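*Asks:* Which chain is which? The protein sequence lines are H and U, in order. Residue numbering for the first sequence follows my numbering, beginning at 1 and increasing consecutively. Residue numbering for the second sequence follows my numbering, beginning at 1 and increasing consecutively.
Note that these hints are calculated values from the structure, not bench results. Computed from a predicted model, the values in this text were never measured in an experiment. Do not rely on the hints blindly, as some may be mistaken.
Across the chosen pairs, the derived CB separations fall in these ranges [what the hints assert, rightly or not]:
1. U:Q161 / H:R61: 39 to 49 Å
2. U:G75 / H:S60: 25 to 35 Å
3. H:L5 / U:E61: 48 to 58 Å
4. U:F125 / H:L110: 45 to 55 Å
5. H:D9 / U:Q161: 21 to 31 Å
6. U:W52 / H:L5: 38 to 48 Å
7. H:F93 / U:I26: 47 to 57 Å
8. U:T128 / H:A131: 48 to 58 Å
9. H:A23 / U:W16: 31 to 41 Å
10. U:S133 / H:W71: 28 to 38 Å
11. H:A131 / U:T55: 44 to 54 Å
12. H:D127 / U:L104: 32 to 42 Å
Covered by chain H, per the in silico footprint, the following chain U stretches (three or more residues, Cβ under 8 Å) [claimed, not checked]:
13. 28-40
14. 57-69
15. 148-157
Ideal Cβ positions, reconstructed from N, Cα and C, are used throughout, including at glycine.
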Amino acid sequence: MTEFLEWLDSSAPAQWIKNTPGAFPLVEVVHVVAIALVFGSIAFVDLRLIGITSNRRPVSRLASELLRWTWIAFAAAVLSGLTLFLQRPMDYFLNTSFRIKMILLALAGLNMLLFELLTARSMRDWDRDVAPPVAARVAGVLSLGLWIGVIIAGRLIGFTIQGFNTPPAEFDINDLLGSLPLD
Amino acid sequence: MLAFAERVAGSGLSQWLVGIPNIVQIMQSIHIISIGIVLISVAMIDLRVLGWRGTSATVAETNRQFGGWLWLAIGLLAFSGLTLVLTEPVRSLVTTSFWVKMALLAIGIITALAFQASLRRRAAFWDTAHSRSGIKLFGILTLVLWLAIVVLGRFIAYDEQMLGRFSISPTV
Numbered sequence: 001m002t003e004f005l006e007w008l009d010s011s012a013p014a015q016w017i018k019n020t021p022g023a024f025p026l027v028e029v030v031h032v033v034a035i036a037l038v039f040g041s042i043a044f045v046d047l048r049l050i051g052i053t054s055n056r057r058p059v060s061r062l063a064s065e066l067l068r069w070t071w072i073a074f075a076a077a078v079l080s081g082l083t084l085f086l087q088r089p090m091d092y093f094l095n096t097s098f099r100i101k102m103i104l105l106a107l108a109g110l111n112m113l114l115f116e117l118l119t120a121r122s123m124r125d126w127d128r129d130v131a132p133p134v135a136a137r138v139a140g141v142l143s144l145g146l147w148i149g150v151i152i153a154g155r156l157i158g159f160t161i162q163g164f165n166t167p168p169a170e171f172d173i174n175d176l177l178g179s180l181p182l183d
Numbered sequence: 001m002l003a004f005a006e007r008v009a010g011s012g013l014s015q016w017l018v019g020i021p022n023i024v025q026i027m028q029s030i031h032i033i034s035i036g037i038v039l040i041s042v043a044m045i046d047l048r049v050l051g052w053r054g055t056s057a058t059v060a061e062t063n064r065q066f067g068g069w070l071w072l073a074i075g076l077l078a079f080s081g082l083t084l085v086l087t088e089p090v091r092s093l094v095t096t097s098f099w100v101k102m103a104l105l106a107i108g109i110i111t112a113l114a115f116q117a118s119l120r121r122r123a124a125f126w127d128t129a130h131s132r133s134g135i136k137l138f139g140i141l142t143l144v145l146w147l148a149i150v151v152l153g154r155f156i157a158y159d160e161q162m163l164g165r166f167s168i169s170p171t172v
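Just chain H, with the same shape it has in the complex (with noise of 0.2 Å):
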């Protein structure tokens, strides 16, 4: 794992974005963009499982008219994430917060996964329901939360990671020397 995390880091994107100038925060903005628009279009989805909102609308109609957008958005997030993820593989990779959001990002495609195999196949069933059914109801309320969480545990990353708010440690030779078995 550590040698791949070295590969990456020396890979030419990874150059890029350490690199240039106001490559960062730029990459960080359609990184913060898109999953701003995955969890809306997703929220309005699960608040129509949930029974809040649009109840007018079959859910069938509002979930392919949203989720497209969804979609598109993920990818978008996917790719700058990556991106911003090349500036520092390792300190990444450590970090407990990412570690958390990945988990979450598994956990809410497994609800999504679950939900399309399981619970949509009765969909004609019920796509005109004010109030789905409990398992749609279910995954809805999971699918709220586990977003939420991507979005606080992705948001934590910037102020646990090493070396973003506290400077890194100045290099002195000394240590280095002093860890030497020299005498």
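Given the coordinates of chain H, assemble chain U onto it according to the supplied hints.
*Replies:* For chain U alone, kept in the frame of chain H given last:
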């Protein structure tokens, strides 16, 4: 501006907020979540006005579906944004990005209010308005406007780096 921001930072309310653990992280998360709701609400209403999105619902119906969430999210943004400014007044107020963002936000809010007022009076007009080039431009511009507001919001943290000599941020 720097003196004003420093006075805000010294106020009791600012001091109290700074003392709440993780207040910045919590408020920033609420801010991002609300941005998602605003962007999707604006996009759905705009795309319907532009006629690019399913015309199965009228503009008025689309506004009923998303308009309320838009204002709820703008309220949450105002609350979390104000808290963030009070927690870090110098870092946020002494930037060009912040003030340009506030100006654009004012335009965005006034535009949304005017649009909704017009929609109440002339619902039928808006349903077919997308054939007019002026309305098309209006729809596209409002989308770009809200995106610009979000981008400038993120630039507050990088004001000097991103805006260079246009930045009013004090050089550290």
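*Asks:* Compare the structure with each hint and give your call.
*Replies:* Outcome of the hint check:
no., hint, result
1, U:Q161 / H:R61: 39 to 49 Å, "holds, 44 Å"
2, U:G75 / H:S60: 25 to 35 Å, "holds, 31 Å"
3, H:L5 / U:E61: 48 to 58 Å, "holds, 51 Å"
4, U:F125 / H:L110: 45 to 55 Å, "holds, 47 Å"
5, H:D9 / U:Q161: 21 to 31 Å, "holds, 22 Å"
6, U:W52 / H:L5: 38 to 48 Å, "holds, 43 Å"
7, H:F93 / U:I26: 47 to 57 Å, "violated, 26 Å"
8, U:T128 / H:A131: 48 to 58 Å, "violated, 35 Å"
9, H:A23 / U:W16: 31 to 41 Å, "holds, 38 Å"
10, U:S133 / H:W71: 28 to 38 Å, "holds, 31 Å"
11, H:A131 / U:T55: 44 to 54 Å, "violated, 28 Å"
12, H:D127 / U:L104: 32 to 42 Å, "holds, 40 Å"
13, 28-40, "holds (count 10)"
14, 57-69, "holds (count 5)"
15, 148-157, "holds (count 5)"
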